[in-house]
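Engineer: Sequence:
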Amino acid sequence: MKFEYIKNKPDAIFRRLCGVKKTTFDKMIEILTNAYKLTHKKGGRPRKLPLEEQLLMALEYLREYRTYAHIALSYNISESAAFQIIRWIENVLVDAKEFALPGRKALLKSDNEFEIILIDASESPIERPKKNNASSILGRKKDIL
Numbered sequence: 433m434k435f436e437y438i439k440n441k442p443d444a445i446f447r448r449l450c451g452v453k454k455t456t457f458d459k460m461i462e463i464l465t466n467a468y469k470l471t472h473k474k475g476g477r478p479r480k481l482p483l484e485e486q487l488l489m490a491l492e493y494l495r496e497y498r499t500y501a502h503i504a505l506s507y508n509i510s511e512s513a514a515f516q517i518i519r520w521i522e523n524v525l526v527d528a529k530e531f532a533l534p535g536r537k538a539l540l541k542s543d544n545e546f547e548i549i550l551i552d553a554s555e556s557p558i559e560r561p562k563k564n565n566a567s568s569i570l571g572r573k574k575d576i577l
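Going by my numbering, 497 is the number at position 65 of the sequence shown; the sequence numbering is gapless.
To be clear, the hints were calculated from the coordinates, so they are not data collected in a lab. All C-beta atoms, glycine included, are put in the ideal place defined by N, C-alpha and C. Check the hints yourself; a few may be wrong.
Said to hold, decoys possible - Across the chosen pairs, the derived CB separations fall in these ranges:
#1 I548 - T471: 34 to 40 Å
#2 P478 - E555: 41 to 47 Å
#3 Q516 - I558: 36 to 42 Å
#4 F515 - L539: 30 to 36 Å
#5 P557 - A501: 29 to 35 Å
#6 R477 - P534: 34 to 40 Å
#7 K439 - P557: 48 to 54 Å
#8 T471 - E436: 21 to 27 Å
#9 R536 - P557: 30 to 36 Å
As the list claims (entries may be wrong) - Listed next, the in silico DSSO-like pairs over lysine-lysine satisfying Cα-Cα at most 27 Å (straight line):
#10 K529 - K459
#11 K469 - K459
#12 K480 - K439
#13 K453 - K434
#14 K480 - K453
#15 K469 - K439
#16 K459 - K474
Kindly produce the complete structure, drawing on both the sequences and the hints.
Structural biologist: Structure follows, in structure tokens:
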């Protein structure tokens with residue numbers, strides 16, 4: 433298991449590998465455990481991977497932009513299972529209040545000064561030469577077989 437290998441690493445190496453601190457990782461596991469208990473309180477089939485591995489898989493997906501096929505292969509599950517697990521973890525963590533960003537009103541009320549950088553990411557058409565008949569005529573029809 434990947435988590436068993438990295439859980440005893442120093443904090444700096446753990447953060448480089450996962451993208452979050454150990455305390456944040458533990459808090460995420462706590463939130464996921466509560467959500468898992470709520471969804472499976474009536475029973476159900478347990479997942480193949482423990483929650484730590486599932487969270488590590490989701491963080492790996494978000495950090496490295498790997499495809500679901502590659503992640504599924506490295507965790508020995510199906511691609512659809514990897515997709516479902518990652519989406520479930522993302523939804524649970526987004527709904528958690530501990531990881532919510534402050535709203536616009538809270539930012540306006542605070543005394544902190546923020547520097548805003550805007551990036552223009554709008555689409556622009558690619559400039560290509562116009563097609564006309566002179567450049568597209570290949571030859572006379574009787575020369576072409």
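Engineer: Any hints this thing doesn't respect? Which numbers, in order?
Structural biologist: Checked against the structure, no hint fails, so every one of them is satisfied.
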